[in-house]
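Enquirer: So you can see what is in the structure, the chains are spelled out below.
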Amino acid sequence: MTELVTKIQEVLNEADVVLGWVHSAAAGAAVPAWFHNAVEAEAAVFDSTCVHNLAVHLPRLQDRTAGIVAKGCDIRSVVQLISEGQVRRDRVRIISVPCPGVVDVKKVWRCFGYGKKLIDAGGQVEMEGKTAPREEILLWKCRGCRDTAPLISDVVVGDPAGVAPPSPAERTGLRERFDAMTPAERRRFWQEQFSRCIRCNACREACPLCFCRDVCTMQTREPHWTGGQINAREAEMAQHIRINHLAGRCTGCEECERACPVGIPLMLLLEEQNRAVEKLFGYRAGTDPEAKPPLLVFDIDNDTWDSER
Amino acid sequence: MSGVKIIGLLCNWCSYAGADMAGTARMKQPAALRVVRLPCTGRVNPLLVLKAFQEGADGVLVSGCHPGDCHYNEGNYYARRRLELLAAMLPALGIEPERFRYTWVSASEGARWTEVVEEFTGRVEALGPRDGGAA
Amino acid sequence: MRIGVFVCQCGTNIAATVATRRVVEAALSMRDVFHGESIQYTCSDPGQRAIIDAIQQKNLTRVVLAACSPRMHETTFRRAIAQAGMNPFMLEMVNIREQCSWIHSDIDTATEKAIDLVRKGVARVRRQTPLHAGSVPVTRRALVIGGGVAGIQAALDIADAGVPVTLVEKSPTLGGNMARLDKTFPTLDCSSCILTPRMVEVKQHENIDLMVSSEIENVRGYIGNFEVDIRRKATCVIEEKCTGCMICEQKCPSRAPDDFNAGVGESKAISVAFPQAVPLVAALRKEYCRLFLKGRCSVCKKVCPAGAIDYEQEDRFVTERFGAIVAATGFEQFDWKKAYPSFGGGLYPDVITSLEYERMLSASGPTGGHIRRPSDGAEPKHIVFISCVGSRDESVGRPACCGVGCMYQAKQAILTKEHIPDSQSYVFYLDVRAGGKGYEEFVRRATREFGTIYVRGRVGKVYPRNGKLICMGTDTLAGHQVEVEADLVVLAAGLNAAGAAAGLARKLNISYDMYGFFSEGHPKLKPVETNTGGVFLAGACQGPKDIPASVAQAGAAAAKVVSLLSRAELETSPMVAEVNQMKCTGCFKCREVCPYGAIEEQELRGGRRVAHVIGSLCQGCGLCNVACPPAVIPLKGYTDNQLIAEVVEVLREPEPASSAGASAKAVEVAE
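Chains A, B and C, in that order, give the protein sequences. Per the numbering used here, the first sequence starts with residue 1, numbered consecutively. Per the numbering used here, the second sequence starts with residue 310, numbered consecutively. Per the numbering used here, the third sequence starts with residue 445, numbered consecutively.
Next up, chain A with everything else stripped away, as it sits in the complex:
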C-alpha cells in the first residue's frame, strides 16, 4: 500500500469522491479516475504520465465534498477556481503530490509508439528498450516550473522539497520560429493552424477555467462573435473568445493544447497573454486565493501606461 493510496483512503472518510489517476495498460500511461471508496483507491498511482489537470471536474462537483490529487500547477487552477467562487474551499480536499515534471504524452507516442509501458527512471525514460533524456520529453510548462511547492493543500504526499524543478528550456523549435515571424507571417501561420480546427471544443472542455461549458459563446454563437462554419476564420474568432475570457485567469496548464486533436499550438497565444498579464499587472493566476483577477480591478495610481504609442 503506497502512501498515496493510504492518504486517499483517509480523505475518503470525509469526502464523497477523490479525483486521481490509475494506470491504463491500454494507453501505457496514467488516466484519470474517480475514487468513491477505499477499494477503488487502491489502484491510485502518480507518475510522470499523470498529465491531466483534474481541477477541471471540480466546478461540477459543487454539491459534494471532493478530494483531488494535485500537482503544484493543478493546485493553481484550484486556487483560481476558489477565488472566482466556482469551488468552495471547505468542500475540497487537496492531496498534494511532489511532481518532478510530467511528460508530453504525444511526444512519447511519437518517440516510442502508442500503448507501451513507459519506465521513468532518473534522468532517462525508457520504453521497450528505447531511452530518451527525461527533460526532452517533458511538457513545456514543466521546464523551469515555478509551482513545485503546493500553494495550498490539506494532505501532503511525500516531500515537496525533495523534487527539483526541471531546468528552464531555451525557446527552440516552434517557439523559436514563431518568435522570429513578422506579424504578417504570424497571420498566415495562424490561418494555416486554424484551417485544421474541427470546432470540437475539446480545448474548452479540457480547460478548468472554462466553466461556462454549454453557455460558452464559442458554442452558442449568441452573441454572434463567430459563426458555425468550420473554417479558419470562424475557428480563429472562436479561439479569440476563449483566450479573451482567460485573460488574467489562465494558469498555463496546457490542457487545451494537449486536448486538441489536430495539434493547434494554442499555448503560443496563452503563454503570450500570461506573460503580458504578469508584466502589465504583476499578476499570476491561481497564486493567491484572495487576489482579484487583474481585469476585474484597477489601480488608479499605478495604471499609468502611455496610451500614446
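Derived by calculation from the structure, the hints in this document are not laboratory data. It is possible that part of the hints are untrue.
Unchecked claim - For each label pair, taking beta carbons as the anchor points, the in silico distance ranges come out as: (1) A:289 / C:671: 30 to 36 Å; (2) A:198 / C:581: 54 to 60 Å; (3) A:198 / C:967: 41 to 47 Å; (4) C:1052 / A:174: 54 to 60 Å.
C-beta atoms are modelled at their ideal positions from N, C-alpha and C, and glycine is treated no differently.
On the provided structure of chain A, position chains B and C as indicated by the hints.
Expert: What follows is chains B and C alone, placed relative to chain A:
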C-alpha cells in the same frame, strides 16, 4: 480615398462629443474613419476590436474620457487594462500593433480629436491595407 | 420589419457636401428598407410631420435618421416617432453632419462615407428591440456646496420655492470671497453691507440646513437620488452653545495665520472668522493650538462664559439624501510666487496680491482700513497695479483671461485715491476689458476723476532700490521702456478653481479644465448643467465671474433644481443591463466591475445563485456586459449583436446598387 478603413469606437460622453465639437468647428479630417458610438470605453469588448480586424478594418481607434473623467466614474480604468492587454497581444495574433490605438479625448478637445484622427489615419495609411483573410 | 431611412439636408449644412439623394437611393437597396426620403430640415415642424406621415402610411417599424449628432436631436426625433405610435427607441440616428459633411470637402468621399454610416445604422436598428423607460421616486431635497455669494443665492432661491436645502461650507462661516472684498465695482457698494443680510437670511431660513466647517466626503447615487456623506469637522466649539462673544479669541495665547484676511495680519488658534460671520461662532485650529501642540493651555475653555469648548470633539459624519446638487465652490487666486520670480517670487513684502490689498482697504480688515506697506507700515504714495499676473500669459502656461482683473484694478485705484488723496496710482495693463453694464464708464472715472495713469504693457521686472520697488516695463503705445518707482505693488493674480475643486469633481463625477474650473454641460445651451444629471453649477467654480454673473448663474441653477425636484418621479433610461438568468453561471464578474453596486445575487428555485441587475441603479455603462464570459448580461440598446452588426456592416464592401432591387420595393424617392 486612401483605401484604408478605420473603425473608431468612441464613448458617447467625451470623445464622441469631442468629435462633434471638431465637426461644429469645421475642422477638416481624413475620411477613412467610421465611428461607432458606445456609452463608455468600458463597453468596448476587446473582441469587438479583433472582430473589426477580422472583418477587414485596417486600423481600430478607441477613444474615451480622460482617466478620472469617466461619465461612469470607473469605466475607462477597466477599459485601459483590457485594451492595454489587447495591445500587447496583437503581435502574437499577427496584427501590427501600430494598427491599434486607444486614447482619451474630452468633449472640449475638438482640435485634439482632429490631431488624433490625422495622426492615426496617417499611421495606418503608411502601413497600407491589410491583406485579406482571417485576422 | 419595415425600416424608413430619412436623410436630412440641414439646409446646405449637409446637402452641400453630401449628395443626400444618392444616400437615399443607396439606402433603398438595403435589406428591409421600405422608405427613403431626403428632407430639407428634418427637425423642423414640416420635417417631423413628413417622418410621422411616412411611418403611418408605410407602416414603418423602425427609423434611421441620417442628420446631425444624436447628442443634438435624438430626444426630438424619439418624441416624433412616438407621436407616430412607434416605440421611441426604434430610432437610430446617423451622424452625417458633425462627423461627415462638416469635416470633409469632397462630395464623393463624404457621400460614400454617409452611405457607409447609413448602412451601419440600418444594421443596428434591425437588431433594436422596443424599450420602455422606468421611473424612480425623487428625493425632494437639494444640496448646495459652497457658502459664497453663489451658494447663498442658490440656497435661498431653492429654499424660497419651498424645497429643503442643505448648504455645506468648508470654512466656519458663510461669505466666501465676496465677504473679503471691500467695495464692489462699478457702484462702489460696500461688499459686506450687501452680502451679510443674505448670509443672515440663510441662517434664519426655515428650509435651509446650514452646515459650516463641513466637507463632502463621498457622493453615491444618481439624479433624483444622491446619497452624500458629509464630514462635519471638529472645531472644538459646540456650535449651539457658542455666542460669538470672542472672549476666547482675545485670551488665546496661540498665534495663527489669518485665513479670512488672506494672510494679512494675524489671528489666533481659536477665533471667529470676522465680526459679521454667519454663524457667529468660534472655531479652533488644532494645528496652531498650544494645548494640542504642547499639551498645556485650556485658556479658552476656562474663559468661555457659555461652556462651548469641547477639546474631545471629533469629526462626525452624516449621510443625507438629495435629489439635486449645486456646486458653488468658487475660486481662489493663482499662487503667483513660483511662476513670477521676476516680481521677487514673494521675497519683497511690498509686492502683494489684489485680495490682500482688498483686506487692507476694508475698514474691518487687519489695518482698520488704512493702507500700509507691509514692510514698514508706512503709507504708500505711489502704487503700481500690475494686471494679468498668471492670466493671459502663455509664458507661464495660463492663457485664459481672469475676467475681473481690469475692473477691480480700476476700483482699487479709485479707492486708493480716496484713502490717500495725495497718492498716485499706475495700472500696467494689456487691454482694458470692461464689457459689463456701466463698466467702461467706471474705468473712465478711474482715469479722469481719480487721475490713475494707465500704461499699456507688461512689467518685466520688479526690484528694490533705495527702499522703493522699481517696476520696469514697456509702454507699448509710446514704444519705449518705462520705470516706475513704487511704494507698493499690487498684482492682479489670475483665478483658479478652489484648491479642493478637482477632488470634489471626482466625487461628483463631473469634468474640470486645466484651471480646475468645472465643465458645463454645453458651452451655449447648458451653461449651468453638467454632464452628470442632477448636478448643477453656480458661480466662479465654473469659470471666472464677477458678482452679478455669479448671482445670475446661481439663480439659474436654483431654477433648474426646483424644476427637477418639482417632479415626484423621474424617468429612468431603459438602456440598462439585464441578466439572462437561465444562462448565468453565477461567477459574478459583473458585480466586481459594476461602479454602481447595481448587481445583486438572486437564488433561483433549485438553489442556483445568479446575478440580477437592479434596474433603477444601473446607469448603462456596459462594463458588466464585457466582463461576462457567456455574454448573458446584455446592455439594452447597445447589445453585442448590435455593435458586431455595426462593425461588420460598415466594413462591408457595398454591393453595386441595383435599381431593380429598389424599385421592387415600390418606393418613391421624395425630395
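Enquirer: Work down the list of hints and note, for each, if the structure agrees.
Expert: Hint check results:
1. A:289 / C:671: 30 to 36 Å: 33 Å, holds
2. A:198 / C:581: 54 to 60 Å: Since residue 198 of chain A and residue 581 of chain C have Cβ atoms about 56 Å apart, the given range 54 to 60 Å holds.
3. A:198 / C:967: 41 to 47 Å: Given range 41 to 47 Å: violated, Cβ gap about 58 Å.
4. C:1052 / A:174: 54 to 60 Å: Hint violated: Cβ distance 43 Å, outside 54 to 60 Å.
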